[in-house]
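Visitor: With these hints in hand, go ahead and build the complete structure from the sequences.
In order, the protein sequence lines correspond to chains C and H. Under my numbering, the first residue of the first sequence carries the number 1, and numbering increases by one thereafter. Under my numbering, the first residue of the second sequence carries the number 1001, and numbering increases by one thereafter.
Simulated from the structure, these hints should not be mistaken for laboratory data. Since we're looking at a predicted model, the values are computed, not measured. There could be a bad hint or two in this list.
What the simulated footprint calls covered on chain H by chain C, stretch by stretch (three residues with Cβ under 8 Å from a Cβ of chain C suffice, anywhere in the stretch; the number is not a length) [as the list claims (entries may be wrong)]:
{"no.": "1", "segment": "1014-1024"}
{"no.": "2", "segment": "1043-1050"}
{"no.": "3", "segment": "1059-1067"}
{"no.": "4", "segment": "1129-1135"}
Each pair of labels, with its calculated beta carbon distance range [said to hold, decoys possible]:
{"no.": "5", "chain 1": "H", "residue 1": "T1005", "chain 2": "C", "residue 2": "G153", "range": "29 to 37 Å"}
{"no.": "6", "chain 1": "C", "residue 1": "K24", "chain 2": "H", "residue 2": "R1034", "range": "29 to 37 Å"}
{"no.": "7", "chain 1": "C", "residue 1": "V309", "chain 2": "H", "residue 2": "A1020", "range": "54 to 62 Å"}
{"no.": "8", "chain 1": "H", "residue 1": "T1002", "chain 2": "C", "residue 2": "A231", "range": "56 to 64 Å"}
{"no.": "9", "chain 1": "H", "residue 1": "D1096", "chain 2": "C", "residue 2": "Y47", "range": "39 to 47 Å"}
{"no.": "10", "chain 1": "C", "residue 1": "R292", "chain 2": "H", "residue 2": "G1104", "range": "50 to 58 Å"}
{"no.": "11", "chain 1": "C", "residue 1": "D199", "chain 2": "H", "residue 2": "Q1102", "range": "49 to 57 Å"}
{"no.": "12", "chain 1": "C", "residue 1": "E60", "chain 2": "H", "residue 2": "Y1033", "range": "33 to 41 Å"}
{"no.": "13", "chain 1": "C", "residue 1": "E67", "chain 2": "H", "residue 2": "G1104", "range": "44 to 52 Å"}
{"no.": "14", "chain 1": "H", "residue 1": "Q1102", "chain 2": "C", "residue 2": "A297", "range": "46 to 54 Å"}
{"no.": "15", "chain 1": "C", "residue 1": "M207", "chain 2": "H", "residue 2": "G1104", "range": "37 to 45 Å"}
Quick reminder that beta carbons are idealized off the backbone N, C-alpha and C, glycines included.
Take a look at the letters that make up each chain.
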Amino acid sequence: MLRLEPFAFARPGSVDEAVALLAKHGRAARLIAGGTDVMPNLKHGLYEPEVVIGLSAVAELRGIALEGGGAAANGSDGELVIGAMTTLAEVESHPLVLARAPGLAQAARSVAGPTQRTMGTLGGNVCLDTRCVWINQSHFWRKSLGYCLKKDGTVCHVVQGGKSCVAAASNDTATLLCALGATLVIRSARGVRAVAIRDFYKPDGAMNQRLEPDELLTQIRVPAPRRSSGASWSGYAKLRARNSIDFPKLSIAVAWTTDRVGAIDDATLVVSAIAAVPRVIAGIADLARGGRADDPALIARLGEQARKVTIPLTNIDGDTGWRRAMVPVFVKRAFAAARMATTG
Amino acid sequence: MTAVTHLLRLDVNGSTVDVAAPAHWTLLEVLRYRLALTGSKQGCDKGDCGACTVLFDGKARLACITLAADAVGHRVTTIEGLVTPAGLDVLQRTFDEAGALQCGFCQPGMIVAARACLDRKPDATRAEIKEALASNLCRCTGYTKIFEAVEQAVRAGKAAHVGGPASLLPSGDATPAPASGAAR
Ligand SMILES: Cc1cc2nc3c(=O)[nH]c(=O)nc-3n(C[C@H](O)[C@H](O)[C@H](O)COP(=O)(O)OP(=O)(O)OC[C@H]3O[C@@H](n4cnc5c(N)ncnc54)[C@H](O)[C@@H]3O)c2cc1C
Ligand code: SF4
Ligand code: FES
Ligand code: FES
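Guide: Next comes the structure, spelled out in structure tokens:
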């Protein structure tokens, strides 16, 4: 049995109420969306909040819509807007997501198992805490080992002599949202701000998000594909121990656009479940431009470009050499997944 | 910090119950240690195994990682609630007939998750059944007989609601996807 330590519970009914509570309690508060990550972490003593704020009754944070389209009759040039409390089960099956960002549906569907996805939200996935084999353990286990830098301790068990935590971003949808260049809308009692998801994460495993204690993520916005493009594509592939419930040992997302004759004119490749920040691989667009997404030689070159700069650590279990060797394989699978579900 | 106790009004297996419980108690703790509904099992107690699966407005949910206070306003159905005066749920019968258990610890969660699956899709295929039960671990059976038991329920009269309580029928708020335009 894993008991929770006492805390008070608040259940706001609106965003205004939620940010007022956050403004009042600050670092003493902890948000619960679907609870699928925060509850195990609370049970492991990773957080010690005085107040837990449950977001389940904030209806305005749910839903999927296209906004700002107009020129194209079907609204295909609008921005895809997803409320933070929309469940992963809704994201993975929603027609707008399937049509506009099929890779996001694939990434959402690859999170945990079906019951966790019925509970877990897209906002909770974006704000997921980093993971490490030395930290996602019971308090008893961590205490026996003398703790570590991320919580209660002074050493890192992954990097000997390390001065900062290198726990891994393990949120499947974040990899894909980085590839698509999504924007996050963040509210607080102080106001509202928008931040590119690629600037949201910082290289500190102890807290890898640029989010103040009084802030609430309200929306995830996926931009329309550039108007000049012929077509846009996105795909996701994940290395995991079992096809049900397991977190990624390698998380790979691709997104690209083609011109009117089907040649690639822009491409992005993101690798995660390595360190605290999903990594946008440099030089991919230049390598890919003018090529074809069904050209195995090109995909192999892109995979090699990603493998070169990907150095897995022992923060996640599974042989590090094997995980590195799998990078080109999963790049290939991400391209294949995208090509199975094209969009206009 | 000292524990804060809440008076919670819960809807469990079709009855309204008032229960006093600490704010940091999970729904599973309230079910087992306040309401004596011990059918929902406490396995991993951290969201990994599915032994604690209950229905929340007809959808599968892990009670060990749900705060009891967050269950207020939702219809909670446990394995006990699948039994009605009319008898056992068809899944309870087919799990028995198929011998879909060894130690039986996973079984309440399996049956509840299977019930959510068949309420959504009474003619679920083997592939859909496997996918719907992917959050439920069984350390004994190797799963084959569990899948067979659910298939047997599909065959046994299109499964839906045979013996299931009226509270399992979808209500207005059980519509799957949110209406587009709801995000602001
Ligand atoms: C068995 C199991 C397997 C899992 N496997 C995977 C996996 O393969 N891949 C994966 O990515 N995840 C996995 N998870 C973790 C989790 O289910 C998902 O990441 C889920 O999307 C988290 O969403 P949630 O709504 O439950 O978040 P919560 O647990 O409620 O919250 C997660 C974090 O985000 C913060 N937060 C939530 N909403 C907001 C908001 N609106 N604004 C600011 N902060 C917020 C919370 O305070 C908390 O720190 C797994 C979990 C379990 C139990
Ligand atoms: S990377 Fe090091 S400091 Fe961070 S959680 Fe793992 S062991 Fe702890
Ligand atoms: S006891 Fe709840 S998932 Fe294992
Ligand atoms: S029968 Fe023992 S865990 Fe499933």
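Visitor: Compare the structure with each hint and give your call.
Guide: Quick rundown of the hints versus the structure:
1. 1014-1024: holds (count 3)
2. 1043-1050: n = 5 at 8 Å, threshold three: holds.
3. 1059-1067: holds (count 8)
4. 1129-1135: holds (count 4)
5. T1005/H <-> G153/C: 29 to 37 Å: About 34 Å separates the Cβ atoms of T1005/H and G153/C, which means 29 to 37 Å holds.
6. K24/C <-> R1034/H: 29 to 37 Å: 30 Å, holds
7. V309/C <-> A1020/H: 54 to 62 Å: 56 Å, holds
8. T1002/H <-> A231/C: 56 to 64 Å: 60 Å, holds
9. D1096/H <-> Y47/C: 39 to 47 Å: Given a distance of about 43 Å, which is inside 39 to 47 Å, the answer is holds.
10. R292/C <-> G1104/H: 50 to 58 Å: 55 Å, holds
11. D199/C <-> Q1102/H: 49 to 57 Å: 52 Å, holds
12. E60/C <-> Y1033/H: 33 to 41 Å: With a Cβ separation near 35 Å, E60/C and Y1033/H satisfy 33 to 41 Å, so the hint holds.
13. E67/C <-> G1104/H: 44 to 52 Å: Holds: the Cβ-Cβ distance is about 51 Å, inside 44 to 52 Å.
14. Q1102/H <-> A297/C: 46 to 54 Å: With a Cβ separation near 51 Å, Q1102/H and A297/C satisfy 46 to 54 Å, so the hint holds.
15. M207/C <-> G1104/H: 37 to 45 Å: About 43 Å separates the Cβ atoms of M207/C and G1104/H, which means 37 to 45 Å holds.
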